[in-house]
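Trainee: Sequence:
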Amino acid sequence: MGYAYRLTQKAGQPDKKLARHLLKGTEPAIQAMSGMGKSFSMYIRVTPHIMGLLAELREKPPVPLADPGGDKTALPFAGTAEMTLDASASTIPAGLRATYHWDFGDGQKADGKVVKHAYAKAGKHLATLTVSTSDGDSDTQPFTVSVPPLWLVTADKKAVALIEAESIVEQGGGKVESPERVACSGKMITKWAAAGQWVEWKITAPADGRYLLAFKYCTADDDTRRTISLDGAPAGELAFPKTGGFSTNQDNWRHLALGGDEKPTLLTLKAGEHRLRMTALSGGLGLDYIVLKRD
1 MGYAYRLTQK AGQPDKKLAR HLLKGTEPAI QAMSGMGKSF SMYIRVTPHI MGLLAELREK
61 PPVPLADPGG DKTALPFAGT AEMTLDASAS TIPAGLRATY HWDFGDGQKA DGKVVKHAYA
121 KAGKHLATLT VSTSDGDSDT QPFTVSVPPL WLVTADKKAV ALIEAESIVE QGGGKVESPE
181 RVACSGKMIT KWAAAGQWVE WKITAPADGR YLLAFKYCTA DDDTRRTISL DGAPAGELAF
241 PKTGGFSTNQ DNWRHLALGG DEKPTLLTLK AGEHRLRMTA LSGGLGLDYI VLKRD
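Residue numbers for the sequence shown follow the numbering used here, beginning at 1 and rising by one.
It should be emphasised that the hints constitute simulated quantities derived from the structure, not laboratory data.
Among the clues, some could well be false.
As the list claims (entries may be wrong) - Okay, the calculated beta carbon distance ranges per label pair:
1. 94 <-> 114: 20 to 28 angstroms
2. 248 <-> 118: 28 to 36 angstroms
3. 108 <-> 88: 16 to 24 angstroms
Beta carbons: idealized from backbone N, C-alpha and C, even for Gly.
Just need the whole structure built from these sequences, with the hints factored in.
Mentor: Quick look at the structure:
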């Protein structure tokens, strides 16, 4: 007679590390196993004595398991493009020495349990961590590193003004909504798709100078465009590339600067308060906040 055994930890979450050991074929007495999609809920038909072996696998793993700590995202306003990557969560069999090799996915590589790396380009990078042990075994785990525009990552938070999208002073041509969404700073605004519908905010320049204007946004539409005006004068038009959704169930947010991230438009502003208006030309847009960064 067998037993259905679900691989879970105390909190009820799937024990992915143990499942990876089993997938490597470390216990031939397992009769059947099925992975239930990305949730990784796995049920295994086992004989009673295997129950103890499963517990032993947790305490004394027979093979190395690389663990980079999941997918990574470079933080906005970190002040530097350098990231720290840590393999300390990796599992190493007792009594064996281990080496750690990182492939950052941008042509650069490094060795060490804890390493630092600065990405030179924004975007998503498919990286890998390979852990090798002194008995010749190894394990490789891929992960994704998401790097926002470098102007955003390297910006000093003290030198940046954030205007929350819901802090509207006027609007017309319709009325936006301000729900909470995944990975949102406070609330966001949405229901803003009708041509001619506009929203206006107050922004404050701390000193005379040139400023970069940018937006944290999301959209599921293929053609999303807005005109931008400052104090009633046209400042440009911006096309917002599709991000895959409106952050209802997952993080679809991106940042985009006026003029584009490669060569942002710099606006000359006098110190003091200004009015920023965005008017819909096409497409739905979710907006979390506006960034005003002095050059």
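Trainee: Hints first: check each against the structure and report whether it holds.
Mentor: Here's how the hints hold up against the structure:
For residue 94 and residue 114, the hinted distance range of 20 to 28 angstroms is satisfied, since their beta carbons lie about 21 angstroms from each other. For residue 248 and residue 118, the hinted distance range of 28 to 36 angstroms is satisfied, since their beta carbons lie about 33 angstroms from each other. For the pair residue 108 and residue 88, the beta carbons lie near 21 angstroms from each other, so the given range of 16 to 24 angstroms is met.
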